[in-house]
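2 protein chains.
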Amino acid sequence: MKKFALLLSCLLLAGTAFSQSELTLKTRSYRQQHERQLLDEFRGLLAIPNVVYDTAGIQKTAGYIADMLKRRGIQPQLLDGRTKGVPPAVYGEVMVPGATKTVVFYAHYDGQPVNPNQWAEGLKPFEPALYSGRLDAGGQPVSLPKPGEPINPDWRIYARSSSDDKAGVFTILAAYDALLKMNVKPTANLKFFFEGEEEAGSTHLNEILERHKDKLKSDLWIICDGPVHQTGRKQVQFGVRGDINVELKVYASKRPLHSGHYGNWAPNPAMMLARLLASMKDDDGNVLIKGFYDDVTPLTELEKQALTRIPAIDERLRQELGFGKAEGGGKSLAELLMRPSLNINGLSSANVGKLAANVIPTSATATLDLRLVLGNDARRQVQKVIDHVVAQGYYVTQKESITDEERAKYPRIARITAESGYNAQRTPMDLPIAQTVVKAVQSTVKDNIVLQPSLGGSLPLYLFEQILKTPTITVPVANHDNNQHAENENLRLQNLWDGLETYVALMRL
Amino acid sequence: MKKFALLLSCLLLAGTAFSQSELTLKTRSYRQQHERQLLDEFRGLLAIPNVVYDTAGIQKTAGYIADMLKRRGIQPQLLDGRTKGVPPAVYGEVMVPGATKTVVFYAHYDGQPVNPNQWAEGLKPFEPALYSGRLDAGGQPVSLPKPGEPINPDWRIYARSSSDDKAGVFTILAAYDALLKMNVKPTANLKFFFEGEEEAGSTHLNEILERHKDKLKSDLWIICDGPVHQTGRKQVQFGVRGDINVELKVYASKRPLHSGHYGNWAPNPAMMLARLLASMKDDDGNVLIKGFYDDVTPLTELEKQALTRIPAIDERLRQELGFGKAEGGGKSLAELLMRPSLNINGLSSANVGKLAANVIPTSATATLDLRLVLGNDARRQVQKVIDHVVAQGYYVTQKESITDEERAKYPRIARITAESGYNAQRTPMDLPIAQTVVKAVQSTVKDNIVLQPSLGGSLPLYLFEQILKTPTITVPVANHDNNQHAENENLRLQNLWDGLETYVALMRL
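Protein chains in written order, with full-length UniProt numbering: chain A, 1 to 509; chain B, 1 to 509.
Simulated from the structure, these hints should not be mistaken for lab results.
Don't take each hint at face value.
Identical chains share a label here; the pair holds if one copy fits it or two copies do between them.
[Unchecked claim] Result set (BS3-like, lysine-lysine): computed pairs, CA atoms no more than 30 Å apart in a straight line:
#1 Lys354 <-> Lys70
#2 Lys146 <-> Lys290
#3 Lys446 <-> Lys124
#4 Lys254 <-> Lys354
#5 Lys399 <-> Lys84
#6 Lys26 <-> Lys439
#7 Lys290 <-> Lys217
#8 Lys290 <-> Lys325
#9 Lys439 <-> Lys84
#10 Lys384 <-> Lys101
#11 Lys399 <-> Lys469
#12 Lys469 <-> Lys254
#13 Lys354 <-> Lys384
#14 Lys325 <-> Lys409
#15 Lys101 <-> Lys70
#16 Lys213 <-> Lys185
#17 Lys124 <-> Lys185
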C-alpha cells in the first residue's frame, strides 16, 4: 500500500499547478500568428470523405496526409501488411542526431460511417462548416475570417472526423510544423503513424505492425485520439477498453404478413428481439449474460486511487445531456468505464413513422457493441452472448439465409455475426516514461491534468504491446461534446489550439 | 341452442355443393374472350401512384376511376365531407326500374406507403409487372401476351395495391361492365363507392357518409377488400376488427454519445424501448397490458359454431410461411383473430448494418398497431397502452420536443401518439340479406365457401352501421399470399377472374 501511495504521489506531483513553460507560450504566440493557415490545412483534410468502407475516399485521404508530410520535409511511406487492397498506414520519420529516445505518434485518418439525412439542415459530413457554438446551444454559421483576423476559439468546426480522428492527425503534424517554424529541435526521434482502418476494427493493423516491426521500433507510442476530460481539463490515459461489434438478427415468417389477418398468431420478430434484448440487462443496466463480468483483471491500487481523483462530473454531465437517471445503480461514470459493457448501437425492423405499414416484419436487427476490459477476450465475450441467446431457446447461425429445413426444425432462429474486434490494454501507471509524459502535458497548463487508468473508448492498443512490446499512452485533444461517431460531429477550435501546445511539449520529451 | 343450430344449418345449406349457375359460366366465357382488355384496364389503374399521403397521386387515381365509370355510362361524382383537401370518395349509381333492393359496392383506391428500396430487384411499386408465379417460389418475368392469346391464370401481377385494394375497385367495375356486355340486367339498384383514405384510417369517411346520407341509402353495403381463405376457397365475412396505430418513442440523452466513453452509464433508449415492449406480452403472445382483453363482446353461438367450420389451415400455413411456432398457446388462427391484438409494425433507433456506429442513440421508436374486436373502443385501448407505459415508470407526453425541465424531472420519458383509428363491426350472421349474399357467392363455385364471423383485418365498417344504419358484408377476391401492406404486393390472376364471377352474381341478388 505504501509503495502505491508513493508512486501515486509522484504521478500526482506532476498534476499540481506548474507555471506554463516558455515553450508553451512560444507555441501559443506562433499559433496566434498562423490561425488562418492552420485552419485552412485542417479544412482541406476534413473536406475529403474518409468513411472507412469508402476505398476511394480513404486513398484520397492517405494521399493528402502524405502531401502534408512532404510539405514538412518528411518522406511519406504507405505501410501495407500481407493483405492487399486494404487501407495502408501513412508513415514518416524524423531521426534526431544524438536522441536517446524514439516516440511514435499515432492517430487514425479513417472515419465512422455517415447517414447524411441525420445531420442538421445545412450541414454535410464532408463540407467543413464553422459555427459560433454548438448547434443545439444556438450556434450560428460564421464565415471564415480573413488571414490575420482573430478567430474566436469557442467556434466549432463541423464535419465527420473533425474530432475523431482527423483532429489527431492534424494536431501531430501541426505540432511538428510548429517546431520547424519556431526553430526548436525535437529531443527524441519522432515517428508518425496514421492508421486508415481503425473504425473498422483495425482488422489488418497486426499485419502492418508485424511486417514493419523494425521500422516501428520505439520506446513509446503516443496515441492522439478521443476527447479530453468533460471538465475541459487535459487528460492522460493509460489504457483503453477493447471493443467488438455484434449483429443480432431475429427471423420470423418468410414474407411480411398483414398484421390484421395474422396479427395474434404469426410470431413478430420485433417483439422477439425486444424480449431477447430485455433479457440481457437488468433495470440498473447490469448485464445479465452469464459470466459477462468474469475474466476481469482487478485494478491495481494505483489505478483505484487514480480513479478517486478524477473530478466528479456525473451530475453536471447528466444535466447537460438531458437524461434523468444514469445506469449503474449509483456507481460513478469513472468506475463504470472500468467494467465490460453491452450497448445497443441501433435497432431496425420494417419501418416506423410515415413509412410504417400494418405488417408483421420478417426480421428484426440490433447492432450491439461490447466494450472489454483487461482480462476479457473479444471472441470469448461474443461467445457469452451467443450462449445467452441459445439459452433463451434460439437456434443461432451465422448464415444470412435460413433454409426451409431450419425454419421447420427451430421455433426461434437468430443470426449472430461479429466483426473482428480487439481486446483492452493498460499501461502500468508507474512506468518512468509514463511519468515523463505526464510531466510534459502538465507543463503546458496551470490546472491539474486528469490521469485516467483507462479510456472508456477503444483503440487496438493491445497490438502494440503484443507485437512490438512497446507501451502506449493516450493524450487526447477533442472536446468531450463532439458528437463523435454520430451526426453533427464537431471540434471546438480552442481544443485544437490546446492540443497543439500539448503535442509540441510531447515532441520535446 | 336449437334456434342457433337451425340458423347455422340454413347458412351452411348455402355452403353445400351447388352446381355453378348459368350466369357464372356465361361470365367465364365472356372473360376468356376479353382477358387482355381486362388486364389492360387494370394495369392502367395500377400504374398510378396511390399512396394515401400522396395528394397528387390520389387525385390522379380518383380521376382514372371516374373515367372508368364514364366508360360504363355512369356519371361519376366526387363526394367530399366537411373537411376540404382530403381524398374524396368516387361515386356512381345505376338505378334499375322495378328494383326493390339497393346495394352499395365499396372498395378503396388509396394504398399503403411504399419503400421502393425494399421491393425486389426489377420491381417498382407503380410499374405493374407480370410474373410466372410468386417471386420467392421462382416466378420469372413474363411479357404481356397479345390480345386473344391465352393468359396463364397462375401468373401474378406485382404492384402496390394490386391486391389491396385496386383489385376491389377493378373487380366491381369489371363485373358491372360484364353485365353490360353480356346484356344481363342487374336485379337491384347498384351504387358504387370508392374510398380514398382507408389506409390512413378513413379519417374523414364519417363526414362523407353524414353529408351524403340520402344519396347512400341502401339495404346493404358489400365490401370488396382483403384476401379469400388460405385454402383458396371463396369467403364471406360478416365483420372486421377495428384498428388504431400508436407510435411509441423513448428518449434518452439530448445528443448521440460515444458508446465507449458513456456506454455503461448513459441510458440507452433502444434498450429502454426493448424492455418496455417486452413488458407488453408474455412468451405465448398474450398481451399483459392491464385490461387489454376487457370490454370484449362475447361471440354468439352462431359465430362460435361458424368458427369451428372454418377449414383448419394453421399447420400448412405455418410451413408455407416458414416459422416454427405460432403465438397463442395452441389456439387456432381463426380463434385468435377474434381477440384484440398488439403488433409491432416497425422498430427504429440510430442505424444497423453498414451504417451502424458505436453510439448511444438519442431515441428509439416503435410503431404499434392495435386490432380491436366488438366491444373495444379505439381510444380506450390506446389509453390502456399509455397507462401501461406510465406504470413502467414513464412520463408520457404527446409532444415531439422535450423541454430541459421535463428531462430534469423525469427519469424515463416516452412520447405516445395515436392516429385516429376505428372500432370493430360485426353483422349478425342470421340476417335474411346475409343469407342471400351467401347463396349468391356459393352459386359461383362447387366447393363450400368459407363463412367468417370477422375478418382479422380492418375496415371502418362500424361507420356504415352507426351513420347509415345499414349492414355490411365483406366478399374478398385477392389471394392470401399477396404481400398486402408490404413490399412485392401482388395479385394472382385467377383470383381476379374468380372475383369477376362472384361480383356478377352479387349484382343479381
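Checked hints:
In this assembly of identical chains, Lys354 and Lys70 lie within 30 Å of each other by CA distance neither inside one copy nor across copies; the values are 52 Å within and 34 Å between. Taking CA atoms no more than 30 Å apart as the test, Lys146 paired with Lys290 passes in neither setting, with 60 Å inside one copy and 66 Å between copies. In this homomeric assembly, Lys446 and Lys124 never come within 30 Å of each other (Cα to Cα): the closest approach is 37 Å inside a single copy and 65 Å across copies. For a Cα distance limit of 30 Å, the shortest separation of Lys254 from Lys354 qualifies both inside one copy, at 24 Å, and across copies, at 23 Å.
In this assembly of identical chains, the alpha carbons of Lys399 and Lys84 lie at most 30 Å apart only when taken from the same copy (26 Å versus 52 Å across copies). Within a single copy, Lys26 and Lys439 get their C-alpha atoms as close as 18 Å, which meets the 30 Å cut-off; across copies the closest is 99 Å, which misses it. Taking identical chains as interchangeable, the C-alpha atoms of Lys290 and Lys217 are never at most 30 Å apart, the minima being 41 Å within one chain and 67 Å between chains. Proximity of Lys290 and Lys325 under a CA criterion of 30 Å is satisfied in both settings, with 26 Å inside one chain copy and 27 Å between copies.
In this homomeric assembly, Lys439 and Lys84 never come within 30 Å of each other (Cα to Cα): the closest approach is 41 Å inside a single copy and 74 Å across copies. Taking the closest pair of Cα atoms, Lys384 and Lys101 never come within 30 Å of each other, the shortest separation being 43 Å inside a single copy and 70 Å across copies. Proximity of Lys399 to Lys469 under the C-alpha cut-off of 30 Å is found in neither arrangement, the shortest distances being 38 Å within a copy and 56 Å between copies. For the homomeric pair Lys469 and Lys254, neither the shortest alpha-carbon distance inside one copy (51 Å) nor that between copies (42 Å) is at most 30 Å.
For the homomeric pair Lys354 and Lys384, the shortest alpha-carbon distance between copies (24 Å) is at most 30 Å, but the shortest distance inside one copy (38 Å) is not. Taking the shortest Cα distances, Lys325 and Lys409 sit within 30 Å of each other only across copies (10 Å), while inside one copy they are farther apart (43 Å). In this assembly of identical chains, Lys101 and Lys70 lie within 30 Å of each other by CA distance solely inside one copy; the values are 24 Å within and 92 Å between copies. In this assembly of identical chains, the alpha carbons of Lys213 and Lys185 lie at most 30 Å apart only when taken from the same copy (26 Å versus 93 Å across copies).
Taking CA atoms no more than 30 Å apart as the test, Lys124 paired with Lys185 passes in neither setting, with 40 Å inside one copy and 65 Å between copies.
Consistency with the previously given hints fails for numbers 1, 2, 3, 7, 9, 10, 11, 12 and 17, ordered from lowest to highest.
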